[in-house]
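Visitor: If you want the building blocks of each chain, they are given just below.
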Amino acid sequence: DAKTTQPPSMDCAEGRAANLPCNHSTISGNEYVYWYRQIHSQGPQYIIHGLKNNETNEMASLIITEDRKSSTLILPHATLRDTAVYYCIVRVDHAGGNQFYFGTGTSLTVIP
Amino acid sequence: DTGVSQNPRHKITKRGQNVTFRCDPISEHNRLYWYRQTLGQGPEFLTYFQNEAQLEKSRLLSDRFSAERPKGSFSTLEIQRTEQGDSAMYLCASSINVGGTEAFFGQGTRLTVV
Chain A
452 DAKTTQPPSM
462 DCAEGRAANL
472 PCNHSTISGN
482 EYVYWYRQIH
492 SQGPQYIIHG
502 LKNNETNEMA
512 SLIITEDRKS
522 STLILPHATL
532 RDTAVYYCIV
542 RVDHAGGNQF
552 YFGTGTSLTV
562 IP
Chain B
31 DTGVSQNPRH
41 KITKRGQNVT
51 FRCDPISEHN
61 RLYWYRQTLG
71 QGPEFLTYFQ
81 NEAQLEKSRL
91 LSDRFSAERP
101 KGSFSTLEIQ
111 RTEQGDSAMY
121 LCASSINVGG
131 TEAFFGQGTR
141 LTVV
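Protein chains in written order, with the working numbering: chain A, 452 to 563; chain B, 31 to 144.
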């Protein structure tokens, strides 16, 4: 039931900004956008999330369009350790549960 | 350690055997989730607890699977009569019971059924 669309793969040069897009055109008003990443054989790692406003933390920035139908995760200075699969998730929050539905994500490769 | 802990990290079992995995969530988190991940796919939701109550189960959770969280703290996931198709990474996550908060994942238990 993933409600997001992401490109399957992207490359980024080391030291440059990595901009990972996500479409979530059916998002509803009270649903958050979350980003996680997963390095091979490890559990998913939380990066950032937001509702309407742009957000920034020590790892990344999240830019959400005004209509909330798409967002972009920005890693400002990509390093080789940022090579991972990045998942954009719309949080389903209904009575009795609030699961995270993962899609297949974007495989980001940071190139030296 | 303040993270989500899963044990064992790896499990190899023969087809037909039963296996049980354990998840210890972050101590103040009352929500606990189980996911399964196969190679090349994103994690798939299995089930979810709020405290000791199992509030939702995915159709992926066949009758051979059972999850418990008896005291609202740690949780176990049991698979009976394992099949080769059960080979996957089983992930546990926890969060607090507030909307708009993130969940934190453990490192997973990798199950191989031979």
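Treat the hints as calculated values from the structure; they're not laboratory data. Be aware that a few hints might be false.
Unchecked claim - Partial pick of chain A residues on the chain B-facing surface, computed with a CB cut under 8 Å:
#: 1; residue: C463
#: 2; residue: G466
#: 3; residue: P495
#: 4; residue: H500
#: 5; residue: N504
#: 6; residue: Q550
#: 7; residue: F551
#: 8; residue: Y552
#: 9; residue: F553
#: 10; residue: G554
#: 11; residue: T555
#: 12; residue: G556
As the list claims (entries may be wrong) - From chain A, some residues computed to sit far from chain B (all C-beta separations above 12 Å):
#: 13; residue: P458
#: 14; residue: A468
#: 15; residue: N470
#: 16; residue: S476
#: 17; residue: T477
#: 18; residue: Q489
#: 19; residue: Q493
#: 20; residue: E517
#: 21; residue: D518
#: 22; residue: K520
#: 23; residue: P527
#: 24; residue: D533
#: 25; residue: T534
#: 26; residue: P563
Stated by the list, open to error - A short, non-exhaustive set of chain B residues, derived as facing chain A with CB atoms under 8 Å:
#: 27; residue: Y78
#: 28; residue: E82
#: 29; residue: A97
#: 30; residue: G138
Where a beta carbon is used, it is the ideal one built from N, C-alpha and C, also for glycine.
Visitor: Take the hints in turn and mark each one as holding or not.
Guide: The hints, checked one at a time:
1. The interface hint given for A/C463 is violated, since its Cβ lies 21 Å from the closest Cβ of chain B, which is over the 8 Å cut-off.
2. Because the smallest distance between the Cβ of A/G466 and any Cβ of chain B comes to about 28 Å, over 8 Å, the interface hint for this residue is violated.
3. Below 8 Å, beta-carbon pairs count as interface contacts, and A/P495 has one with chain B at about 5 Å; its hint therefore holds.
4. Given the 8 Å rule on beta carbons, the hint for A/H500 holds: about 6 Å separates it from the nearest Cβ of chain B.
5. The interface hint given for A/N504 is broken, as the beta carbon of that residue sits about 12 Å from the closest beta carbon of chain B, more than 8 Å.
6. Satisfaction of the interface hint for A/Q550 is found here, the shortest Cβ-Cβ separation to chain B being roughly 5 Å, below the 8 Å cut-off.
7. Look at A/F551: its Cβ gets to within about 6 Å of chain B, closer than 8 Å, so that hint holds up.
8. Hint status for A/Y552: holds, given a least beta-carbon distance of 7 Å to chain B, under 8 Å.
9. Given the 8 Å rule on beta carbons, the hint for A/F553 holds: about 3 Å separates it from the nearest Cβ of chain B.
10. With a least beta-carbon distance of about 6 Å to chain B, the hint placing A/G554 at the interface is held under the 8 Å criterion.
11. With a cut of 8 Å, the hint placing A/T555 at the interface with chain B holds, because the nearest CB-to-CB distance is about 5 Å.
12. At about 6 Å, the closest approach between the beta carbon of A/G556 and any beta carbon in chain B falls short of 8 Å, and the interface hint on this residue holds.
13. The claim that A/P458 lies off the interface holds: its Cβ sits roughly 14 Å from the closest Cβ of chain B, which is beyond the 12 Å cut-off.
14. Every C-beta of chain B lies more than 12 Å from that of A/A468, the closest at about 23 Å, which supports listing it as non-interface.
15. Listed as outside the interface, A/N470 is consistent with that label: its C-beta sits roughly 21 Å from the nearest C-beta of chain B, beyond the 12 Å cut-off.
16. The beta carbon of A/S476 sits about 19 Å from the closest Cβ of chain B, which is more than 12 Å, so the claim that it is off the interface holds.
17. With a closest Cβ-Cβ approach of about 18 Å to chain B, A/T477 is found to remain outside the 12 Å limit, as its non-interface label requires.
18. Not every beta carbon of chain B lies more than 12 Å from that of A/Q489, the smallest distance being close to 8 Å; the non-interface claim is violated.
19. Listed as a non-interface residue, A/Q493 fails to keep its Cβ farther than 12 Å from every Cβ of chain B; the least gap is roughly 6 Å.
20. At the 12 Å boundary, the C-beta of A/E517 stays outside the reach of chain B, the nearest C-beta of that chain being 19 Å off.
21. For A/D518, the non-interface assignment is confirmed: its Cβ lies about 20 Å from the closest Cβ of chain B, beyond the 12 Å cut-off.
22. Listed as outside the interface, A/K520 is consistent with that label: its C-beta sits roughly 19 Å from the nearest C-beta of chain B, beyond the 12 Å cut-off.
23. The Cβ of A/P527 lies farther than 12 Å from every Cβ of chain B, with a closest approach of about 20 Å, so its non-interface assignment holds.
24. Its beta-carbon lying about 18 Å from the closest one in chain B, A/D533 satisfies the requirement of being farther than 12 Å from that chain.
25. Every CB of chain B lies more than 12 Å from the CB of A/T534, the least distance being 16 Å, so the non-interface label holds.
26. The beta carbon of A/P563 is kept farther than 12 Å from every beta carbon of chain B, the shortest such distance being approximately 25 Å.
27. Against a cut-off of 8 Å between C-beta atoms, the interface hint on B/Y78 holds, since the closest Cβ of chain A lies about 5 Å away.
28. Look at B/E82: its Cβ only gets to about 15 Å from chain A, farther than 8 Å, so that hint breaks.
29. A hinted interface residue such as B/A97 counts as satisfied when its beta carbon comes closer than 8 Å to some beta carbon of chain A; here the least separation is about 14 Å, so the hint is violated.
30. Checking B/G138 against chain A by beta carbon gives a least distance of about 5 Å; that is within 8 Å, so the hint holds.
When each numbered hint is compared with the structure, violations occur for hints 1, 2, 5, 18, 19, 28, 29.
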